[in-house]
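Spelled out, the chains give:
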Amino acid sequence: MKKDLPTLIFNGKCLSMADGIEYDWIVVTDEKISDAGSGDEYKKYLQKADTIIDAKGGTVLPGFIDSHFHVVQAALNSRSLDLSKARSFRDIGALVSEAAKASPKKNIRGIGLDAQNLKEARLPDRTVIDKYCKDAPVFINSVEYQTSVLNTYALLYYKIPFTLEGIDFDENQVPTGIITHYANVLLRENVLRSIPNSTRMETVNEFLESVVQKGITTVNAMEGGRLYCDKDAEFIYESTGKLAIDIALFYSTMDIMKIKEMQLSRIGGCLYVDGTFGARTSALSFEYNDCPGNVGGLNFTQKEMNQFVRECYANKLQLALYTIGDRAIEQALTAHEYALDKTGITGLRHRLEHVELPTLDHIRRAKKLGLVFSMSPTYEYIWGGPGKLYQERLGDNYKRTNPFNQIIREGVVICGGSDCDVTPADPLLGIHSAVNHPVEAHRVSVYEAIKMFTCNGAYSIFEEDKKGTLEVGKLADVVILDRDILATEADKIKDIKVMTTMKSGRILYNKLSQP
Amino acid sequence: MLSINMLGQVNISYNGVSIADRLSTKLVAMICLLVLNSDREMSRERLSAYLWPDSDEEAARYNMRYNLWKVKKLIPSDAKGQSFILVSKDSCRINQQYKFQCDKLCIDSYDSHGQKSIEKLLQLKELFKGDFLEGFYLKNCNEFNEIILFERVVCQTKHIEIMKQLAQLYEEEDRSEEELQILHEMTAMEPYNENFACRILSIYKKTGNRAAAINYYREFESKLRRELNIAPNNDLKILYREVTEDLCGKEDGYPGKTTGEKKKLVIRSRCMKDVDYFWAAEVVGALLKAADQKYLMELNLNYILDLSYIQNELLLSYEKYVSKEHREVGQVPAVRIVNAFLKFLSHACAIYKLDIHIDNPGDMDSSSAKILKHIEACASGSIHIYKC
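The listed protein sequences derive, respectively, from chains A and B. Mapping of the first sequence onto the working numbering: residues 1242 to 1756, in sequence order. Mapping of the second sequence onto the working numbering: residues 101 to 488, in sequence order.
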């Protein structure tokens, strides 16, 4: 939407994120930043500006870029029944009953159920769920989507592939409603595919409103692939330009032909080289602290990985591989070294997603290869430090996770993401987490942490020429905070509020009054 | 004639005219229950428990009476004046003299061990219009709902069995196109079944449709990766390689594991008494020279690294075919060397028959001698040892 009159943002601490330059004010005309400066020079715009925003001394930053985000599933989950806090069958029942009462006869989709949290130490079967809801399908996903639990209605409502591996039967050979393995994969695919795109659009639009309130103007959408749904990726692809913020699609597929046909320049995102710490499936070079004998596992042979990475190089596709454990990182790096050696092609800014347990050797090799690390600092806030998940799973090796400072010192670019909805879509919490890493040696400065969610994010998707910094000529993706982030005590960063979010010159969210 | 279709959307028709819309859900359920138990009587009490579990005795009895009357009204007697349902004071049942057609009973009469014909199997296949009692659910009738679930499992299992037999008969009659069609339908039902995929690929290969074979394999591989994050099994990989190598005009492609005879390799080896694992290392080295190195390098990297402790040629091959970057090999415990050697041989035997000649067995080192003893004890048909 073109408009002739500019918007002035003044009285701010505008961190351009380019060469350490700061401004006091910026001017936005149409969709771009048209001027920026310090002192009273802004006054020349007071008369002609259409909109004037007083930042009230708060920090003004480039719009946040969240580099790892499951847009469609996070949006759908936001409308689902959260069972992560259920501690017993009775808790599940109460939540299901409430949902059934709120929307009678509507499908209920529950998420986040963890058998380990339940007093009964197992997942409920259909007879348990039937006690609380009999007249609508109830479809519950376990916390990592590996298992589904259905009530009898849902078992009869959805097309269930009973001949596939993963159907649990009772002593009478009747399905119990607990579905795992291949049957679960196919069931999820059927259920997710059955969601119409109109619902996706409505849900995503609604969800993005909350994302905008956190100052996010661009997300890297990790869509499709295992445990998700390719229809999500196709939806995002078709929705380009129709959503409130910019979405850079990372299609989690290994189908290079398809990516070429879609004329996408990147591939992957959630191509799982290994699993998760939570499920003890990330590939480690040592045994899990709480599961002796288990070192997790790789999902590819080295040869398979080499071939695929090489093909990505040959097709000049930017590749994003999901790697968590050190053995997975090793495999990915080996494959990149192989592909580089075979093709000689550089400059594609390939990414490793998560990279939670790299060694110094890994970091140095990644630097040589020009890889970008796409990391989620909020993991440390949730799982890092003594007594939390990282220590439970990794023992003393929890001190090695997410070594942001070391990575930056070695010259590897880190772009920050939330992995939403694994952690909340909240870049300020991400910045807080990187600055307050439980292991002091891994902490970074506030400025470096902001870079992860701004200019580094833009670099990681080849968009640094148009966003990621506050510079004249760049897109006016701007976020205004309620205070000066650089002067805020480290442990209070998470309390900072976003006051205004502007995307390409349009104010999408504003809590600041206009003079 | 009365026709009852329970697969897919339930339909009950008489002389081709549907009467389903005049039947309540409970009445349809009652008919289904009686048909499922058509070889025996069902007590009214039992039927009531299935269909009106929450009603008191009198209400249940009334419902039963009313519905039985309704059946009598809607389903006329046959030419001989026989009623569809025989009703007595305490029980009722389907009249076995009454002629009617029911898809479910046809399917139940199928005997997987009996004699089959393509025609008969095709007729049965046509009956599967959908799931058993599709769209059916009776609130609070737990036992009845369980019957639906149970029967859905039974029907899906029979469906796939019938398809398998049909594919088998087509194969026996060398009707590849029809076999292919059935296999594709089976794959739609069990999309991750690698045996089905293997058969499809074999047919494409046999019929010379290489482009289709390659496309099919890639699609299948991509599906496994996308949805399960696994690679196809070795059989499928080997078969695919055969297809692609044929395409490249190579004459020395992999001998098929799944089709035809395995290729025989003659391995000559020598022993050296005081050098640990010398004979085993000789075998590995000779195999590397005789077999397809690319294939051998498909062995898990950990085994290759362990085995390279005694035979450095392995690392050189690995570097040539897989990656120049690999981990350093430190001290490897004996048990891992032995295990890796056996895995290496077993991997080779998947596609080759090995005739291993030992020139001077009397000089064999003790570690190798133990391995040899183990191999001989296991007596694999793919390995023959000749001590010269």
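For the record, the hints were derived by calculation from the structure and aren't laboratory data. The reader is advised that the hints may include incorrect statements.
[Unchecked claim] What follows is a list of derived Cβ distance ranges for each label pair:
no. : chain 1 : residue 1 : chain 2 : residue 2 : range
1   : A       : F1410     : B       : N295      : 49 to 59 Å
2   : A       : Q1414     : B       : K239      : 21 to 31 Å
3   : B       : K373      : A       : G1585     : 23 to 33 Å
4   : B       : D121      : A       : E1479     : 34 to 44 Å
5   : B       : S446      : A       : Q1454     : 37 to 47 Å
6   : A       : Q1414     : B       : A450      : 32 to 42 Å
7   : A       : S1451     : B       : L415      : 46 to 56 Å
8   : B       : E158      : A       : R1363     : 51 to 61 Å
9   : B       : N295      : A       : E1385     : 37 to 47 Å
10  : B       : A450      : A       : E1479     : 20 to 30 Å
11  : B       : A311      : A       : D1582     : 52 to 62 Å
12  : A       : E1479     : B       : R165      : 19 to 29 Å
13  : A       : T1368     : B       : L415      : 20 to 30 Å
What you are looking at is a predicted structure, and each value in this text was computed from that prediction instead of being measured. Beta carbons: idealized from backbone N, C-alpha and C, even for Gly.
For each hint, the structure was consulted:
Against the hinted window of 49 to 59 Å, the Cβ-Cβ separation of A:F1410 and B:N295 comes to about 22 Å, which falls outside the hint. Checked against the given bound of 21 to 31 Å, the beta carbons of A:Q1414 and B:K239, roughly 23 Å apart, stay inside it. At roughly 49 Å, the beta carbons of B:K373 and A:G1585 sit outside the given window of 23 to 33 Å. At roughly 40 Å, the beta carbons of B:D121 and A:E1479 sit within the given window of 34 to 44 Å.
The hint said 37 to 47 Å for the Cβ distance between B:S446 and A:Q1454, and at roughly 59 Å that hint is violated. In this structure, A:Q1414 and B:A450 meet the distance hint of 32 to 42 Å, their C-beta atoms being roughly 37 Å apart. With their beta carbons about 54 Å apart, A:S1451 and B:L415 fall inside the hinted range of 46 to 56 Å. Judged by the Cβ atoms, the range 51 to 61 Å given for B:E158 and A:R1363 is violated: they are separated by roughly 41 Å.
Between B:N295 and A:E1385, the C-beta spacing of about 29 Å breaks the proposed range 37 to 47 Å. The beta-carbon spacing between B:A450 and A:E1479, approximately 45 Å, falls outside the hinted interval of 20 to 30 Å. Evaluation of the 52 to 62 Å hint for B:A311 and A:D1582 yields a failure: the beta carbon distance comes to about 32 Å. Taking 19 to 29 Å as the suggested C-beta distance range, the pair A:E1479 and B:R165 does not conform, at roughly 58 Å.
As the Cβ distance of A:T1368 to B:L415 is approximately 58 Å, the hint placing it in 20 to 30 Å is violated.
Checked against the numbered hints given earlier, this structure breaks hints 1, 3, 5, 8, 9, 10, 11, 12 and 13; the rest are met.
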